[in-house]
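Here is how the chains run, residue by residue.
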Amino acid sequence: MKRILASLAAATTLALSAPLLAQGVDDFGPYGYSEQYFETPQDTAFEFRIGPYLPNVDEEFGGTGPFERFFGDENRYLVGFEVDWQALRIPHVLSLGPGVGWGIVGMDGRTFRSNGDVAGQTTSLSIMPMYGVAVLRVDALAQQTPVPLAAHAKLGLGYALWWTDDGIGLSRDAEGVTGEGASYGYQGALGLSLLLDSLDRLAARDLDTTFGVNNSYLFFEWYYSDLNGFDAGDQMQVGTSTWLLGLALEM
Amino acid sequence: MARSVLKRGPVVATDFRSTTVLPWAFWTWLGLSIALLGACPGLAHAQTVQPFTDIAVTRRHEAEDRPAGKPYYYISREDCLANDVLTFDLVVASPDPAYSFQVWASDGETCTDDDERSTDEGECWLVYSETVDSTTPEIQIPVQNIAAAKRPRTTSGSVSEGDETSCANDIDVGITLYFMFVGGGVVQGTPATWQTKLDLKGPAAPTDVVAGIGDQRLVVEWDVVSGDKTGYRIYCEESSTPVSEISSRRAHGFGRAALLVDSGAGGSAGGASSGGAAAAVAGSASSGGGSSGGTGSAEVPTDSDGAAGASGGADGATSDLECTTSLVAGTLPPSDAVVCGEVDVASSDNGTASGLTNSVVYAVAVSAVDELGNPGPLSNVDCQAPEDLDEFFEAYRRAGGQGGGGFCSVDRGTSGSIPWLLAASTLLGLLWRRKERTGGWFQ
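Residue numbers (the working numbering), protein chains in the order written: chain A, 3 to 253; chain B, 451 to 893.
Hints are supplied without guarantee of correctness; some may be wrong.
[As the list claims (entries may be wrong)] Which stretches of chain B does chain A cover? Using the computed rule of at least three CB atoms under 8 Å from a CB of chain A, they are:
hint : region
1    : 811–821
2    : 845–856
[Stated by the list, open to error] Some chain A residues near chain B, calculated using beta-carbon distances under 10 Å:
hint : residue
3    : R78
4    : F83
5    : G122
6    : W165
7    : T166
8    : A184
9    : M238
If you're looking for bench data, these hints aren't it; they were derived computationally from the structure.
Everything numeric in this text was worked out from a predicted model, so none of it was measured.
Where a beta carbon is used, it is the ideal one built from N, C-alpha and C, also for glycine.
Given these sequences and hints, build the entire structure.
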């Protein structure tokens with residue numbers, strides 16, 4: 003019995019040590035690494051994001067107003083990025099810190115003749131949303147269980163520059179007021195992320211050791227901004243409620 | 451005629467007189483020549499032109515859009531109509547007034563071949579012929595002589611002089627000029643060559659040109675056709691047709707829409723597309739043919755072929771819009787035609803005609819332009835009148851919107867964001883202080 007137990011113990015030891023002995027780097031990269039490895043420091047997250055963006059300009063006109071008439075209701079697409087500082091971080095559980103984001107979206111619209119017919123000239127509206135938010139990321143599930151999902155929430159302030167073009171240049175109304183302005187207000191988001199590391203852990207480790215990318219996520223986010231000057235009534239509501247898709251890298 | 455040299459050009463090398471070959475070739479030739487002359491005094495009359503050691507080519511006509519580099523010396527239709535003069539400063543080894551100094555042009559054949567110069571089947575034409583007794587002659591060649599291109603070909607030794615009609619030739623070919631001494635119909639010595647391009651032909655016209663209404667402008671769209679174009683010119687001509695007549699016929703901002711609406715109705719301008727010159731322009735003029743029920747409102751000028759233009763017809767029928775104009779589809783833009791818009795992208799299918807007056811009817815046509823600035827024939831002509839338009843920002847303000855006035859125009863009395871900014875700043879400050887005290891972030 004003792005011999006059997008000794009043999010089992012030896013086999014177990016050998017089996018456990020085999021992966022360690024097999025570690026190395028060949029022409030195809032590192033192989034045979036155990037689950038435990040040195041992670042590079044992590045205190046930043048970078049997001050690249052894209053998604054439909056239709057500003058709620060007509061909100062102040064009861065839902066039907068000049069925006070829909072001139073630009074219709076088809077989606078336009080925002081492209082942007084965000085950088086977060088993970089000031090507070092409990093490894094493999096959560097992180098909390100401030101983040102700033104920037105995006106751009108443009109849209110072409112119609113002009114109308116005095117009789118209401120559509121004219122050949124176009125008009126356009128461009129919006130450059132920016133924001134500063136507190137970002138909470140919870141990655142305990144993704145890091146400590148086989149479920150590769152993480153969640154995040156953002157809340158803060160949004161600020162957007164916007165300008166309109168009447169097909170000739172910067173728009174002006176009958177009184178000469180230029181069609182450019184800034185709007186600010188609340189900003190928030192809720193999102194769910196798929197941890198891409200789970201698809202290829204070796205590649206993920208390579209990314210970390212080579213570029214310092216600790217985790218990469220594909221995320222889906224509900225994005226909300228209420229940019230009307232906190233209901234001041236003197237700013238164009240260029241905020242929106244939409245969803246965004248993006249890639250996030252924690253570094 | 452006073453000569454105004456505006457630009458000196460680079461040496462243009464040919465395959466057998468390349469500048470890269472010239473140093474050793476020149477000295478070899480010089481040595482052999484001296485040896486031969488010493489041994490055979492009878493050969494002393496063999497003349498040699500050396501244009502590529504010291505040549506400077508200048509041109510009198512400075513076109514605005516002439517491309518840089520070698521194409522700078524290409525000859526466009528505008529150059530031809532201006533009768534540009536190319537001036538060559540040559541170096542001749544030992545000129546002999548007994549020989550004629552001639553410059554022959556060819557678009558492919560070798561002009562040193564006597565048959566190409568002296569027979570009816572020859573492909574070269576004489577563009578310059580003088581007696582030269584200077585070692586540094588200045589040769590001036592009017593480009594119309596080159597553009598005359600075999601019309602008529604000369605075999606009599608007289609220069610084939612061109613004129614403005616030569617510029618109407620539909621030509622786009624490479625041209626080689628041969629500089630040589632000729633005695634007794636035989637080339638004496640070694641000729642020199644210079645290459646250029648004679649391009650009097652503009653690109654094919656875009657099709658289906660439609661003018662849409664803009665504010666003090668028209669938005670013009672067209673279908674792109676293949677060709678060597680580099681851009682487009684939009685021509686506008688104020689029409690005497692009243693705007694009420696245009697608007698009564700047009701239900702939409704774009705003529706294309708109108709064409710679709712009216713496509714089966716009535717006639718349109720007849721022979722405009724078949725070489726005719728129509729003063730009454732129809733949006734669907736390119737469809738030609740139609741004659742029944744056209745509005746027939748306009749004059750009917752004729753082009754050089756005398757073909758009739760718009761046919762006109764019975765009144766009262768629904769027709770595509772028309773206006774009176776001298777712009778004629780399929781013909782070159784008149785020299786006094788007003789360019790009201792330009793597009794320098796070959797693949798573009800739209801442009802803007804600007805500088806227009808609202809409520810005035812304009813006839814609009816588009817011509818493609820090639821590298822040398824040659825405009826091609828005009829497209830079909832569309833008619834439209836700019837007008838004051840309603841656009842988004844005006845409508846927004848009219849509806850009561852208060853936004854706008856500049857990026858810094860936010861009401862400073864709006865203070866709802868201040869608590870948020872203070873809170874965010876405080877949080878960041880606390881975090882930073884903690885980092886400084888602990889020597890790192892929370893990990």
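Structure-based check of all given hints:
| no. | hint | verdict |
| --- | --- | --- |
| 1 | 811–821 | violated (count 0) |
| 2 | 845–856 | holds (count 12) |
| 3 | R78 | violated, 14 Å |
| 4 | F83 | violated, 20 Å |
| 5 | G122 | holds, 2 Å |
| 6 | W165 | holds, 8 Å |
| 7 | T166 | holds, 4 Å |
| 8 | A184 | holds, 5 Å |
| 9 | M238 | holds, 3 Å |
In summary, the numbered hints that this structure violates are 1, 3, 4.
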